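Let's have the full structure, built from the sequences with the hints guiding it.
Counting from 1, position 284 in the first sequence corresponds to residue 272 in the working numbering; the numbering is continuous, with no gaps.
Since the hints were made in silico from the structure, they are not lab data.
Bear in mind the structure is a predicted one, so any value in this text is a computation, not a measurement.
Hints may be right or wrong, so weigh each one.
Here are the simulated distance ranges between beta carbons [unchecked claim]:
1. Glu228 / Arg175: 31 to 41 Å
2. Leu189 / Glu119: 16 to 26 Å
3. Arg141 / Pro195: 17 to 27 Å
4. Glu135 / Tyr103: 26 to 36 Å
5. Asp183 / Val81: 42 to 52 Å
6. Glu281 / Tyr103: 28 to 38 Å
By construction, the Cβ of each residue, glycine as well, lies at the ideal position given by its N, Cα and C atoms.
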Amino acid sequence: MSETCTPHSRTCPECDGRLDASTDETVCTECGLVVSENRIDHGPEWRSFADDAGTRRRTGAPLTRSRHDRGLSTEIGYRDGAVRLTGRKRRRVTRMRRQHNRARISSKADRNQVYAFTEIRRVVSRLSLPENVRDQACVLFESAQSEDLIRGRSLEGFAAAVVYATCRTAAVSRTLSEVVDVARATRDELTAAYDAMNRELGLPVGPVDPREYLPRFASALDLPSDVERRATELVALGHERNLVSGRNPGGFAAACLYTAAVELDHPLTQADAAAVADVTPVTLRSAYHDLTE
DNA sequence: ACGATTATTGCGTTCTT
DNA sequence: AAGAAAACAATAATCGT
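Here you go:
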C-alpha cells in the first residue's frame, strides 16, 4: 500500500524545521504544524506476524472477488524463517500443509469454482479487459452455480460465457468469436452456457450498440481518428433510420468504418473491414448499401 | 416452426496498374 | 491486358421469436 499524502518536502513549509513522520500525523518538530494527517489504510495489513519489527510482508493476497475465497485464505508458508525444521518435524509440517490446502478447497463446487475463476482470469486478461469486468464475471459465475445451471454443462463454457455476458452488460462488448478464440471452450459450449444463464437468470442485456466495437476495430485496421469519428456519426445515422435493429452489430460497425474510410479517401477493402468484425464481405456490403442512400 | 438475417459460392463487371 | 475489388444472385445455414 503506497503511502498517501506524503509531503514532497522533508522540511516544514512554515519554518523549515525537521518533520516527524513517525506517527499517523506528520508534524514539524519546531512549530508543531501538522503537515499531513489521514493515513487510513484501506488495504490489507502489510505486517507479517512473524517479525513485526523487521521486513514487511503481505499477510495474504489482496481482497478480490476473482479468488474463490476472496483471497481470505490462510496458507502455511514454505520458507522456514527463524526455525529450521528437520526430520520428522519437517515432514509433519509438510503433511499439515498438504492437508490444509486440501481442506481449503473442500467441496466439489469449490473446486469447480477455483478452476473456473482461474479460467475467467485468464480469458479476461487475454482480452485485456478491466478488473471490474473480471470481478463481475466471477460474481455472475457464483449466481450461475447457486442456481445449479452448471451441472451437465461445460465448466469452460460457463467461464467463457460469464465473461462474454459481463462484457455486454458493461458496454465493452466483444464478439462471440473474440471470446471463443481465447477461451478453452467451443462456440457451442459457450452459447449453451450463455443461453442457460439468459433464460434462468435474466441477464440485463439489450442489443449491442455497434459503437462499442468501433475503437477496437478502428485500431485493428490502423484507421486514423477522423475516420473513426465519422463512423460513429454513421452509426447514429443508422439508428435514426432503423438500419441497426436485427442486424449483426459487429458487421454494421465494420460497414460504418468502411463507409467512413471511403468518404475520407482512406484505402480500405471490404474484405479487410469485414474480417475484423468476423463477417463476410456480403453482409458488410448490404449494410454499406443501406447506409449510402 | 417461422421469417429474417447471414454465409457460401459462383460469376460477370468495374477499377487499377 | 491482367488482377484485384466490388457487385449481384441463388441457395444453405443460422438466428430470434
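Structure-based check of all given hints:
1. Roughly 33 Å separates the CB atoms of Glu228 and Arg175, a value that falls within the hinted 31 to 41 Å.
2. Restraint check, Leu189 to Glu119: a C-beta distance of roughly 22 Å satisfies the suggested window 16 to 26 Å.
3. The given range of 17 to 27 Å is respected by Arg141 and Pro195, whose C-beta atoms sit roughly 25 Å from each other.
4. Separation of Glu135 from Tyr103 is about 19 Å and departs from the stated range, judged on CB atoms against 26 to 36 Å.
5. Range check, Asp183 to Val81: about 49 Å between beta-carbon atoms, so the 42 to 52 Å window is met.
6. Between Glu281 and Tyr103 the CB atoms are about 52 Å apart, so this pair departs from the stated range of 28 to 38 Å.
Consistency note: the structure conflicts with the earlier hints numbered 4 and 6.
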